[in-house]
Amino acid sequence: MQNIEHEIKDTNIRLCLDCGKCTVVCPIAQHDPAFNPRLIAQRRLSQNSRGSRDDTIWSCLSCYMCMERCNYHVKFPSFIHALRAESLSEGTQIQCNHGGAIQAMMRLMARGDLQQKRLGWLPKDVELSSQSDTLFFVGCAPYFDVLFSDLGVNALEGVKGALKLLNRAQVPFNIIANERCCGRDLLLQGDRKGFTVLAKANMDEFTRHGVKKIITNCPECYYTLKVNYPNMLGSTGIQVMHLTQVVAPLVQGGKLSLGKLEKRVTYQDPCTLGRCSRIFNEPRQVLSAVAGLKLVEMEQSREKALCCGSNSWLQCGAVNRQIQKQRFAQAEISGAEILVTACPKCQIHLRCAQKSSDGKIARLEILDLASLAAQSLD
Amino acid sequence: MNKPGASIVVFACNWDGLSCIEVAAQKGLSYPASVKIVRVSCLSRVHSGLILKAFELGANGVMLLGCSRSGCHFEIESGLIEQEYEKTRNILGLLGLREKKLALIRLPGGDGPGFVKQVNDFIAGIEQTEPAAAQ
Ligand code: SF4
Ligand code: SF4
Ligand code: SF4
Numbered sequence: 001m002q003n004i005e006h007e008i009k010d011t012n013i014r015l016c017l018d019c020g021k022c023t024v025v026c027p028i029a030q031h032d033p034a035f036n037p038r039l040i041a042q043r044r045l046s047q048n049s050r051g052s053r054d055d056t057i058w059s060c061l062s063c064y065m066c067m068e069r070c071n072y073h074v075k076f077p078s079f080i081h082a083l084r085a086e087s088l089s090e091g092t093q094i095q096c097n098h099g100g101a102i103q104a105m106m107r108l109m110a111r112g113d114l115q116q117k118r119l120g121w122l123p124k125d126v127e128l129s130s131q132s133d134t135l136f137f138v139g140c141a142p143y144f145d146v147l148f149s150d151l152g153v154n155a156l157e158g159v160k161g162a163l164k165l166l167n168r169a170q171v172p173f174n175i176i177a178n179e180r181c182c183g184r185d186l187l188l189q190g191d192r193k194g195f196t197v198l199a200k201a202n203m204d205e206f207t208r209h210g211v212k213k214i215i216t217n218c219p220e221c222y223y224t225l226k227v228n229y230p231n232m233l234g235s236t237g238i239q240v241m242h243l244t245q246v247v248a249p250l251v252q253g254g255k256l257s258l259g260k261l262e263k264r265v266t267y268q269d270p271c272t273l274g275r276c277s278r279i280f281n282e283p284r285q286v287l288s289a290v291a292g293l294k295l296v297e298m299e300q301s302r303e304k305a306l307c308c309g310s311n312s313w314l315q316c317g318a319v320n321r322q323i324q325k326q327r328f329a330q331a332e333i334s335g336a337e338i339l340v341t342a343c344p345k346c347q348i349h350l351r352c353a354q355k356s357s358d359g360k361i362a363r364l365e366i367l368d369l370a371s372l373a374a375q376s377l378d
Numbered sequence: 001m002n003k004p005g006a007s008i009v010v011f012a013c014n015w016d017g018l019s020c021i022e023v024a025a026q027k028g029l030s031y032p033a034s035v036k037i038v039r040v041s042c043l044s045r046v047h048s049g050l051i052l053k054a055f056e057l058g059a060n061g062v063m064l065l066g067c068s069r070s071g072c073h074f075e076i077e078s079g080l081i082e083q084e085y086e087k088t089r090n091i092l093g094l095l096g097l098r099e100k101k102l103a104l105i106r107l108p109g110g111d112g113p114g115f116v117k118q119v120n121d122f123i124a125g126i127e128q129t130e131p132a133a134a135q
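From first to last, the protein sequence lines stand for chains A and B.
Counting with this note's numbering, you get residues 1 to 378 for the letters of the first sequence.
Counting with this note's numbering, you get residues 1 to 135 for the letters of the second sequence.
In case anyone wonders, no lab produced these hints; they're calculated from the structure.
Take the hints with a grain of salt, since some may be wrong.
[Said to hold, decoys possible] In silico SDA-like cross-links for lysine to any residue, where the CA-CA straight-line distance does not exceed 25 angstroms: (1) Lys117/A / Phe74/B; (2) Lys117/A / Pro108/B; (3) Lys193/A / Gly96/B; (4) Lys117/A / Gly125/B; (5) Lys355/A / Ser44/B; (6) Lys87/B / Gly99/A; (7) Lys117/A / Gly96/B; (8) Lys87/B / Arg351/A; (9) Lys117/A / Leu57/B; (10) Lys193/A / Tyr85/B; (11) Lys87/B / Gly317/A; (12) Lys355/A / Lys100/B; (13) Lys124/A / Leu94/B; (14) Lys360/A / Ser376/A; (15) Lys87/B / Ser89/A; (16) Lys117/A / Ala133/B; (17) Lys100/B / Leu114/A; (18) Lys124/A / Gly93/B; (19) Lys100/B / Val146/A; (20) Lys200/A / Leu57/B; (21) Lys100/B / Gln354/A; (22) Lys100/B / Gly112/A; (23) Lys117/A / Gly58/B.
Make the full structure from the sequences, and use the hints.
This is the structure we're talking about:
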């Protein structure tokens, strides 16, 4: 618990002036009066908070909207993550959605003797460079496509698109058969132990394969490998890049030319890629390199982008649906035919909202950025 | 009498599924003590989360035991369990855990010997491919 106190201090939460700006911009607080970031801070910091449980901490989306507004740079999402770890260590049972299937899957992946068979989808024409020290980290896309098959989720299309773009640009890379889930969702839920086991297993694989550089298509893997792994395990000596950071300079420098697609698209900034990792331009640069593609922005975009509505497979209900409806309304007003996202999890949550809405939510096509860019190459 | 064996979780529906197990008990038919029965109101209540959780907690195999498709107590068999079964099998496949570790068995009500045969065959299959599970 000593550590948690330190961690809480590092979030600057004690600088909180109680101004309430976070609450005003928080998408959850907008629809759920019981959720109030300012009051969560106040309750935890007040003298007599000890032992009392705050059940509202599980609703936070880790969307970083509050941090964007806080003048005192309070790292509110990190504060929430610390409170969750504290609460779990006190024995709180959390409600996971999808019956805990994703958490169970992550914990099964933590087994030491695991020999996954997760590369069956790999197209024959993808060129791998087994000697390369650059790894393309696939992430949980193969698992997501099975678990969310009823939603029509197609996260692997994004991965295949990414590989095609890299091949076309002659960027050498390898793939490893036994990578684990990066562990982000366990970390955000407060399960540090579960996260660390996965992270160590991945680091062992990276070391065994002499990995020096990692490219990911999933923003969550990106941030976790880049920031959380060194934070939790010490320096990894591995450079981590998001696909769009690799591809954008290539298309801008004329080293990779994309094809043509006559479409009007809008772009969903994934919270972890945008506000959390500050990657706003590169995805847009890739999209604008596709001839004929017209990018139209939604009312809330870039730093102000609205979250896809759900996070880390915790509590998902009516409030989350409200946020998703709001996002689809913005996408519809933008006049786009395609809602492009760079995150497999945004794709899952948005498709879920669309499916459960009986046609009341805009019937926009939802596509992964990498798969869209790769489509233009055909 | 029974040697300890692979640990098996059986999700049995409250109707024909459970009646098979009850009849097996009444008739004194034996099956390994490492088989744990979890009663559910209907197999449609079981989803991939529960099955994967059983594996996470150390089960070597999971059996889903329910009524025949036409014999569902709730009259409309939704087909949900088939969906979840397929999904979970595919997840187990990706994890490199043998798909044989999961079985969907449908039996007519009161078929005690049928249940014992199915569960013993299931265990034998697992112990054959996974000798460590037998300990
Ligand atoms: S915006 Fe910052 S200072 Fe204001 S209440 Fe929220 S955390 Fe406190
Ligand atoms: S991270 Fe997002 S959901 Fe969580 S408190 Fe901040 S604004 Fe609200
Ligand atoms: S929005 Fe996402 S987390 Fe919520 S129910 Fe749908 S898929 Fe699950």
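Which of the stated hints cannot be reconciled with the structure, identified by number in ascending sequence? 1, 2, 10, 12, 14, 15, 21
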